[in-house]
Amino acid sequence: MKKYLFIFFIAHFYTLQSQTASEAIHIVENEVGYGARSLSMGGAFTPLGDGPAGMYWNPAGLADIKNGSFYFESYFLRYKNNTSYLEELYINPFNLSRFNGVGAIYPIATIRGSLVFGLGFNRIHHYDGLMSFSGYSNVNNGLEFPIDVDGQSLNYAFDQGVRRYEKIMNNGARDQITLSFGIALSSDLSAGFSVSRMTGTETYDFEFLQQDIADNFQQFPSDFLNYELFQSLETKTKAIKMRAGVKYNFSPFRFGFSMAIPYNINVEENHGTQERLIFDNSDYSDAIQLGYYDYKILIPATLDFGAALVTESNLTLAMAFRIQDWSQMEFNLMDFASSSDEYAILKNENDLIAEEYKSVTQLRFGGEYLLPITNTFGCVVRFGLVYIPTAKTSGSEDRATTSLGIGIPIYDRIIFDMAYLFSYQRKISRDSYVPSEVGEEINKNQFIFNLSYLF
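Going by the working numbering, 1028 is the number at position 443 of the sequence shown; the sequence numbering is gapless.
Treat the hints with care, as some may be off.
[Stated by the list, open to error] Lysine-lysine pairs mimicking DSS-like chemistry, simulated, CA-CA at most 30 angstroms apart:
(1) 821 to 665
(2) 651 to 823
(3) 943 to 932
Worth flagging that the hints you see were computed from the coordinates, not collected in a lab. Remember, predicted model here, so these are calculated numbers, not experimental data.
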C-alpha cells in the first residue's frame, strides 16, 4: 500500500512565491504610465505635462492646456518570449488587447491666469507575460517523496534522468482613477496636484511536469511515472496615491518637477496549489491546498524632473529622469504582533529588500515635430527612448524601450494619436524544480491608440 505525503513541497512552494521581496517589487516596478503622446516621447513628459497624461507625469502642466477635451485610449500587445533550455529554443508568443483609459480635461474660465481640471480612468501597469520550455535533464533537482510501505516511511528520489516541462503565465493590469488640477501662479510658473485611487489585479499560473520517459524508475515503491504541480495566485491591490508638481517656463525652455509621496498598497492574495504523483500502474496520490494572505507594502517617494526645448520651428525635445529608491520599500509590520511568525518572516524580507535592491534613476528622452503637409493641415511625428536599470544590486536585467508615434487631426476637433513601443530584454533564471539555466529573450511590441475630442 502506497501513501504519498505532500506537506514538504507545498510549504516549500509557498515560501518561494508569496510575501517575498521580489513579489513586493514586482507589483510596482514596471509601471509605464499612459497616454499615446507621452509614451511615444519615451515618457519624457514631466517638463511638459500639457495633455491628459500630465495628470500622471506632472499635474502642473495642465495649466498650459487651452482647450477642453474628452479622450479614449486602447492598448494592444504583441509578445514573444524566445526561451532556451538545454540548448533547445522554445517560442512563446501571444497577443492581447484591452481598454486603456477614458477621461476629460476641463479649463475653468478665469479673469487672469489659468485653472484646469482633469479626471480620468487609466491603466498604468500591464503584467502580461509568458514562458514555457521542456527537455530531458540529468541534473539533480532534489525531488523526493515520503512513501509508506507496510508501516515504514522512507524518502524515494525522483530527481534526474527525466523530462521536465515548466510554464509560467501572468495576466492583468493596474489602473487608477485620478482627479487632478493645474493652476498658473504667474505667467511663467504653475503648480498642480493629483490624487488617484489605484486598483490592480494579476493572475499568475505556474505549471511543472516531470516525466519518467526513459523508464528509469521501475522498482517498487519508486516506480514513478509523472509528477505534476499546478499553482495559481491571484493578487489584488488597492492604494491612494498623491502627486504634486511645479512647472517653470523660461522661453524656449520648460522645466518640470513632480513628486509622488510615499503611500501604502493593500495587497490580497488568493493561492491554490495542486500536486499529483502518478505511478507506473496508474495509481496516484494527490493533494490540494488553498491559502489567503493580506498585507501592506510601503512604497517610497517617486521623483520626476526634466527639461524641454520648445522651438519656434515646431520642434520639441525633452529629457526627464525618474528616481525610485527600491531599497526603501518595505512590508508594513504594524498589523502583526512582534512575536508572531508573520512578523519575523516579513521583517526578514524587509532586510533582504534593503540589502538586495538599490536606488534607480530612469532616463527618458523624446521629441515631437509638427510636419506641415499643406497650409492648413499637418501631422505630428514623435520619437522616444527609455532606459531603466534593474532594481537589484547584483542584477543585469536592465531594460530599454524605443518608441515612435504620430498625431493626426481628424476634422476640426478630433485628434488621433498612436504610439508604438518596442522593448527587448534578456533574462537568465532557474528555480528549485529546474536547476539548469533557462535563458529568455523577451520582445514586446506595444501599441497605444488615443482618440480625443476638443471643445
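Here is how each hint holds up against the structure:
Between residue 821 and residue 665 the CA atoms are separated by roughly 26 angstroms; this keeps the pair inside 30 angstroms, and the hint holds. Between residue 651 and residue 823 the CA atoms are separated by roughly 34 angstroms; this puts the pair beyond 30 angstroms, and the hint is violated. Simply put, residue 943 and residue 932 have alpha-carbon atoms about 18 angstroms apart, close enough for the 30 angstroms limit, and the pair holds.
The structure shown violates just one earlier hint, number 2.
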